[in-house]
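A.B. asks: What follows is the residue order along each chain.
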Amino acid sequence: MSVVKVLIVDDEALAREVIKAFLKEDASVDVVGECDNGFEGLKAIQELSPDIVFLDVQMPKLTGFELLELLDRPPEIVFSTAYDEFAIKAFEQNAVDYLLKPYSKERFFVALGKAKDRVLSADKGKTDVSKLVSNQPTGENRLSRVVVKTGSKIHIIATEKIRYIEAMDDYVRLHTIEGNFLKQNTMKFYESQLPEADFVRVHRSYIVRVKEIARLEPMEKDSYVVLLHDGTQLSVSRSGYGRLKEALGF
Amino acid sequence: MNHPILESSGYKYYTLVWAVICTAHVYVLFHSGLVIELALLDGLVHSLLFGTIAPGFWYLIRFVNVDKRDWISLVATHVVASLIAVVFWVTVSRLILTVFLVNRPEYLEFLQSTNLWRMIVGLMYYAVVVLTFYLIHYYLDLREKEDNELALKALLNESELKTLKSQIDPHFIFNSLNSISALTISSPEKAREMVIKLSGFLRYSIGKDSREMNPLGEELQHAQLYLDIEKVRFGEKLKTVYEVEDTCLNVMVPNLILQPLFENAIKYGVYESMGIVTITLSCELANGFLALSISNNFDPESIPQTGEGIGLSNIRKRLQLVYGRNDLLQVVKKEDIFSVILKFPLKELENERS
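Line by line, the protein sequences give chains A and B. The first sequence finishes on residue 1117 if you use my numbering, and the numbering steps up by one all the way, no holes. The second sequence finishes on residue 341 if you use my numbering, and the numbering steps up by one all the way, no holes.
Think of the hints as simulated: they come from the structure by calculation, not from any bench.
Heads up, simulated DSSO-like pairs for lysine-lysine below, C-alpha to C-alpha not over 30 Å straight-line: (1) B:224 - A:872; (2) A:872 - A:981; (3) B:184 - B:149; (4) A:887 - B:184; (5) B:177 - A:891; (6) A:1028 - B:321; (7) A:1078 - B:321; (8) B:304 - B:320; (9) A:887 - A:972; (10) A:891 - B:218; (11) A:1028 - A:1055; (12) B:304 - B:321; (13) A:872 - A:887; (14) A:1112 - A:1078; (15) B:320 - A:1078; (16) B:224 - A:891; (17) A:972 - B:218; (18) B:226 - A:910; (19) B:218 - A:887; (20) A:972 - B:177; (21) B:224 - A:1016; (22) A:1078 - A:1088; (23) A:1112 - A:1055; (24) B:184 - B:152; (25) B:304 - B:149; (26) A:1112 - A:1050; (27) A:1020 - B:224; (28) A:972 - B:184; (29) A:910 - B:224.
If we strip away everything but chain A, and leave its shape as in the complex, we get:
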């Protein structure tokens, strides 16, 4: 039996202790590292390529979800968090498992077993990242930041800095004050997750920050364009016009 490489990412030393103590009882796993924040976790995943990662959700710099978003080929992820506010039910179908702190040894080994099965099976049922991420909290807990990767650099962008978002096939292009970034995600995700009062989906291909809009001009009959403060012109669809009307109150 080959050794399974495990990485532990949690900002609390004691939380890592528990996992390490439990893992000692399984000779087939090897703890290759432990990290106390999201950045280090990302680096360690890339450098050590672990098979299984025990990942905390709440961490400084980068949350567990955000870390997962930045991985091209994520390892098997077992999330752990203290409190059920991340729509866990929907989650469990996608992540290998989801541990609620504090958890029992039995529960822990159930999760580990599931993860090991996936690692060792020929057909590696990959965690569907986009699906996972779109299960982030909805409603009151709107997105306040977005993480993107350009090369090896990671940018954490506050949603206030996003000017508009453009659809690009499987990607979206985030036009921000700090530059433009490509990110693998859907328009639908941003439409539902960005703060409702600040952004409007004006077109199938555009979500615009309301404050960026300078003017709304008629194009041909029945169609409009929005002019942003920097001169950018974006088409407005009929339903987008309705939403704009509501957001701007005219």
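Let chain A serve as the given structure and place chain B on it in line with the hints.
C.D. replies: Just chain B, lined up with the frame of chain A:
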């Protein structure tokens, strides 16, 4: 609504008023040529009788309410009631006086000749009594409504205060339990210590609902429990500094009002930063206030995962409710230091205590 004469202290004034009316009555009769003992008897009998039946009009005005705006039935009722009352009054008075003074025919003749005048005076009495009763009724009604409104407001304030009070953060509870779970493996001694601290914290948080104000000393002990537990979780990463003057410790402050501030310091300081975070608490008495400041350093580059909590605005609202002022909370963000300064007026605090 109580009867203004029979059920409260109004009877003293009522008796006094009738004594004055009786004197006037006697004076008028005496002046018009009646001998003093006859004038006295006449005045006494009439005043006593009217004075006795008049309190009954109260029940009448309670039934015939002005508010209902049915003017016809209102006027009709009072016309009928006043006629019955006055005829009864004049007739019974004359009967009594006739029994007493059967051997003074010249007086009885006088009594007979003044019948019309007595009727008119009776109607006047009736009008004055009923109008006075309406005024009193209106006034009592108004006061009752005011009282109800005040009571309702107090009730509303109370429930509002309850909702503004900080709830125990579930993250904190479950993370602490997880730490305890870890400690049971490596050092059971520390696990026990933490269980005791967590119990102390929970007991205070859950049990203090009934008392609105607590001494600052107790509140700080509670906060220290909280921070001690967080220190076990975050180790070297969390440092605390207390600069508290002893004189502050007995000042009463709204219960658990500091808790959200410490939670914020942990949430926006410790959770978001990778370096050491120091939480500093200082307080002093100055210019009639207890000034208390809680500050922490934070990573200015971090973008909080969640927006500004409702903690601060809740504290502001609560201070507004308790002290009626909205200038008691101040937030200062300077470079990498975040501070919240709370001011508790001492004068109101003393009133609260007494």
